[in-house]
Amino acid sequence: MIFDALIAPFIEFEFMRRALVGCLALSLAAGPVGTFLMLRRMSLFGDAMAHAILPGAALGYLAFGLSLTAMTIGGLATGLLVVLLAGLVTRATTLREDASIAGFYLISLAIGVSIVSLKGSNVDLLRVLFGSILALDDPAMMMLVAMSTGTLLVLALIFRPLVLECVDPAFLRSVSRAGGPAHLIFLALVVTTLVSGFNALGTLLSVGMMMLPAIAARFWAVELTGIIFAATLIGLVSSLCGLILSFHTGLPSGPAIILVAGALYLLSLSFGPQGGLVLKLLPQRHLEA
Amino acid sequence: MLKHLTLCFALVVTSTMAHAQSKLETIASMSIIGDFVRQIGGERVQVTTLVGAGGDTHTFQPAPQDARRMAQAKLVFINGLGLEGWLPRLVQSSGSKAKVVTVSTGVKAIREASDGHSHGHDLDPHAWQDVANAKLYARNIRDALSAADPEGASFYAARSEAYMAELDQLDREIKQGLAQIPPERRRVITSHDAFGYFAKAYGLRFVAPQGVSTEAEASSRDVARIIRQIRAEKIPAVFLENISDPRLMTQIARETDAKIGPRVYSDSLSDTSGPAPTYLDMMRHNLRAFSEALR
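These protein sequence lines are chains A and B, in that order. With my numbering, the residue at position 113 of the first sequence is 113, and numbering never jumps. With my numbering, the residue at position 229 of the second sequence is 229, and numbering never jumps.
In case anyone wonders, no lab produced these hints; they're calculated from the structure. Take the hints with a grain of salt, since some may be wrong.
Said to hold, decoys possible - Just a few of them, taken from the derived set where beta-carbon distance is under 10 angstroms, the chain A residues facing chain B:
hint : residue
1    : Phe13
2    : Ser117
3    : Ala135
Said to hold, decoys possible - Restraint ranges, calculated between C-beta atoms of paired labels, are given here:
hint : chain 1 : residue 1 : chain 2 : residue 2 : range
4    : B       : Gly85     : A       : Ala102    : 31 to 41 angstroms
5    : A       : Thr249    : B       : Thr250    : 24 to 34 angstroms
6    : B       : Gly203    : A       : Thr69     : 34 to 44 angstroms
7    : A       : Asp47     : B       : Lys200    : 38 to 48 angstroms
8    : B       : Gly203    : A       : Met1      : 39 to 49 angstroms
9    : A       : Ile7      : B       : Ala132    : 45 to 55 angstroms
10   : B       : Gln92     : A       : Leu118    : 20 to 30 angstroms
11   : A       : Phe3      : B       : Arg254    : 18 to 28 angstroms
12   : B       : Arg228    : A       : Gly276    : 37 to 47 angstroms
13   : B       : Thr250    : A       : Gly226    : 38 to 48 angstroms
14   : B       : Gly85     : A       : Leu267    : 34 to 44 angstroms
15   : B       : Gln92     : A       : Ala146    : 50 to 60 angstroms
16   : B       : Lys200    : A       : Gly276    : 51 to 61 angstroms
17   : B       : Arg254    : A       : Leu233    : 26 to 36 angstroms
Predicted, not measured: the structure shown is a model, and the values here were computed from it. Ideal Cβ positions, reconstructed from N, Cα and C, are used throughout, including at glycine.
Build the full structure now, drawing on both the sequences and the hints.
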């Protein structure tokens with residue numbers, strides 16, 4: 001019975017196995033990355049990035065036609081350019097990070113839309129570029145897994161300066177010059193994770209898997225390590241449950257996974273031990289019990 | 001008095017001459033209807049197609065120049081049956097006085113073939129996939145052109161007569177071509193369920209992993225059902241369409257023994273260098289694709 005419901009779909013269908021592997025790979029990288037984004041108050045960064053990559057994707061399309069590789073590389077290049085410019089502006093001026101990113105991503109989006117209309121075609125480039133979790137082919141799988149591995153390794157290397165940069169940038173500046181580079185490397189990691197996620201799984205799933213588990217994890221732990229661990233766990237659980245939910249109910253798979261993650265978020269928001277609403281509203285009863 | 005009359009006469013003559021020289025400005029919502037109007041209108045009619053070759057009519061976003069063309073047009077040809085949900089707003093916002101002609105008027109519409117999904121409209125709009133309906137389209141277009149440009153009526157009648165003969169010929173070709181396929185192999189999988197009328201008219205069975213509209217996202221249950229069905233019924237071929245995501249179809253083919261057939265065209269024509277620049281070419285191309293993969 002339980003076997004039929006939970007295991008059998010993955011044994012019978014290769015696309016289910018691929019979807020699961022792709023989603024787990026994304027969760028492993030997206031958990032920690034999303035946690036840092038949340039701590040840096042950049043939770044809306046993913047949505048901005050989904051639009052910022054348009055000009056590169058469009059140029060790739062103009063030069064090579066509907067080639068996914070060309071469009072992905074183009075998108076990656078514009079994404080990196082946008083965060084690099086935004087990061088430099090934030091460091092050089094008084095502008096906040098979110099404001100400078102908003103500025104550059106809007107310029108980028110406008111350029112992208114103009115390039116697409118120059119061609120006079122109404123092929124929806126981003127819809128072509130953004131993949132679906134049910135159609136993970138070998139290149140998309142390899143890219144996701146490679147991205148996930150690379151992200152975790154690089155994150156381990158820059159972990160200490162990055163944490164300090166989040167918590168106490170002034171102190172870090174007084175003892176080391178690693179803060180700036182660590183921040184830019186981190187932003188580059190976010191862009192790589194997101195763009196390969198867009199290509200393989202689509203926007204909703206990539207951005208959703210990056211932010212929702214991290215935000216939910218905030219209600220379970222205070223310490224950074226704890227939050228990262230909880231975020232990754234929530235991501236993995238949502239992937240598995242969402243896929244099974246979609247298989248049995250007929251909900252589209254990407255939204256189903258995000259719905260499960262969203263439900264876990266609402267659950268954490270209500271009952272989480274670190275600032276969950278129920279504990280906040282009923283402090284007395286909690287102490288008595 | 002006589003002088004006045006002559007002047008009036010002269011004015012009338014010059015205005016009708018000017019009218020005869022300028023072409024009738026028309027708009028077609030999509031490339032297939034544009035082709036029909038071009039075939040029947042010939043050199044008397046100027047056709048602008050809103051959704052060009054390779055575009056997706058279901059999710060089209062109009063641009064300002066489309067509104068400008070709309071304002072100048074005398075006639076706007078649309079398919080109807082819920083295909084162009086965006087069009088009424090465009091006609092209104094452009095301030096156009098154009099007459100909107102629904103070319104599918106009189107078609108016996110079929111319900112959309114999807115199972116359990118509802119996409120807001122439940123009629124299948126892809127009526128042109130049955131050549132008998134294409135003849136109806138041609139007749140409706142001829143009538144609308146003749147009403148807007150009465151002097152050209154005999155011209156349009158002659159051209160539509162010739163085009164009807166070609167459509168009849170096409171209809172025979174499709175029936176003969178498909179008759180050569182063994183009945184148990186007349187089964188095909190395509191993404192984007194657009195061949196309902198073709199299936200009904202010519203007896204080929206189509207199974208689609210997505211609903212009738214390209215807007216819906218596939219669920220893993222639907223994809224699993226399709227894969228089980230291909231395995232159980234031994235469906236010989238999977239076809240990609242010119243507008244849908246090919247990755248999903250490739251994945252389905254990999255998990256079954258079905259082979260991937262060449263691209264078929266359902267919603268829009270190809271550009272002039274492609275295999276389906278006109279409706280007749282499109283239907284012949286699809287016929288060839290189906291019969292080669294299924295034989």
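Status of each hint after checking the structure:
no.: 1; hint: Phe13; in the structure: holds, 6 angstroms
no.: 2; hint: Ser117; in the structure: holds, 7 angstroms
no.: 3; hint: Ala135; in the structure: holds, 4 angstroms
no.: 4; hint: B:Gly85 x A:Ala102: 31 to 41 angstroms; in the structure: holds, 32 angstroms
no.: 5; hint: A:Thr249 x B:Thr250: 24 to 34 angstroms; in the structure: holds, 26 angstroms
no.: 6; hint: B:Gly203 x A:Thr69: 34 to 44 angstroms; in the structure: holds, 41 angstroms
no.: 7; hint: A:Asp47 x B:Lys200: 38 to 48 angstroms; in the structure: holds, 44 angstroms
no.: 8; hint: B:Gly203 x A:Met1: 39 to 49 angstroms; in the structure: holds, 42 angstroms
no.: 9; hint: A:Ile7 x B:Ala132: 45 to 55 angstroms; in the structure: holds, 50 angstroms
no.: 10; hint: B:Gln92 x A:Leu118: 20 to 30 angstroms; in the structure: holds, 28 angstroms
no.: 11; hint: A:Phe3 x B:Arg254: 18 to 28 angstroms; in the structure: holds, 25 angstroms
no.: 12; hint: B:Arg228 x A:Gly276: 37 to 47 angstroms; in the structure: holds, 43 angstroms
no.: 13; hint: B:Thr250 x A:Gly226: 38 to 48 angstroms; in the structure: holds, 42 angstroms
no.: 14; hint: B:Gly85 x A:Leu267: 34 to 44 angstroms; in the structure: holds, 38 angstroms
no.: 15; hint: B:Gln92 x A:Ala146: 50 to 60 angstroms; in the structure: holds, 51 angstroms
no.: 16; hint: B:Lys200 x A:Gly276: 51 to 61 angstroms; in the structure: holds, 57 angstroms
no.: 17; hint: B:Arg254 x A:Leu233: 26 to 36 angstroms; in the structure: holds, 32 angstroms
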